[in-house]
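Model the full assembly from the supplied sequences, consistent with the hints where possible.
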Amino acid sequence: GQQVMQIPQYQHVQEGEDFTTYCNSSTTLSNIQWYKQRPGGHPVFLIQLVKSGEVKKQKRLTFQFGEAKKNSSLHITATQTTDVGTYFCAGGTSGTYKYIFGTGTRLKVLA
Amino acid sequence: NAGVTQTPKFQVLKTGQSMTLQCAQDMNHNSMYWYRQDPGMGLRLIYYSASEGTTDKGEVPNGYNVSRLNKREFSLRLESAAPSQTSVYFCASTLSGSNQPQHFGDGTRLSIL
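Chains as they are written, first to last, in this note's numbering: chain A, 1 to 111; chain B, 1001 to 1113.
To be clear, the hints were calculated from the coordinates, so they are not data collected in a lab. Take the hints with a grain of salt, since some may be wrong.
Sample of chain A residues lacking proximity to chain B, with all beta carbon distances greater than 10 angstroms (derived) [said to hold, decoys possible]: (1) Glu15; (2) Tyr22; (3) Pro39; (4) Glu54; (5) Lys56; (6) Gly85.
When the alpha-carbon atoms are kept at most 20 angstroms apart in a straight line, the in silico SDA-like pairs for lysine to any residue are as follows [to be verified]: (7) Lys1009(B) x Ala1082(B); (8) Lys1057(B) x Thr62(A); (9) Lys51(A) x Gln1100(B); (10) Lys98(A) x His1103(B); (11) Lys56(A) x Gln9(A).
From the three backbone atoms N, C-alpha and C, an ideal C-beta is built for every residue, glycine too.
Okay, here's the thing in structure tokens:
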């Protein structure tokens, strides 16, 4: 079945360092979404990418969707302690109502 | 402006007991989902309902049943709870389909002894 792998599983960074998480799907996606989950909380939608090669920015966060629409990345510039949490990608497939979530990357930021 | 409401927030069950997790959304969304989240496993889809009157299996449906009671409510039932079903359960909804943002409830933390 369809799988979405996400790496790394964990990342510890010093405050001010950059952070990147990568998402790879076994099949072509129609769109990819990114979510953030704070410790003890629920996933919160960050952004959706739809087009091949698309790049979107939200302040210090940069999201990319691969040309083949099978991979994506989230890059955070100059991390802050407020960035702590687990980041998930979720792939959507055309013609279905299902999302397949990646395993997540847990980010810890050391002050 | 509640969004997605899940009840209960916490529950402890004994093996073999049954229970129903409730989920309601007030955003007039058509599609609703049930996920379970286990450490290191991400979110795995149990069942979903594309629209009122329809339900479909996700990745891990065994041991669960669902009911889409109306457009607002989507319940998840464990008929005979097993320790392997200890998890955090999240309900989510979208306007329609897999190209829309998902809105999640706060989750139900379920322990089965």
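Against the structure, the hints come out as follows:
1. Glu15: 25 angstroms, holds
2. Tyr22: 14 angstroms, holds
3. Pro39: Holds, because the least Cβ-Cβ distance between Pro39(A) and chain B comes to about 12 angstroms, which exceeds 10 angstroms.
4. Glu54: 14 angstroms, holds
5. Lys56: Nearest chain B Cβ is 14 angstroms from Lys56(A), so the label holds.
6. Gly85: 14 angstroms, holds
7. Lys1009(B) x Ala1082(B): 19 angstroms, holds
8. Lys1057(B) x Thr62(A): With Cα atoms ~34 angstroms apart, Lys1057(B) and Thr62(A) exceed 20 angstroms; violated.
9. Lys51(A) x Gln1100(B): 15 angstroms, holds
10. Lys98(A) x His1103(B): 14 angstroms, holds
11. Lys56(A) x Gln9(A): With Cα atoms ~23 angstroms apart, Lys56(A) and Gln9(A) exceed 20 angstroms; violated.
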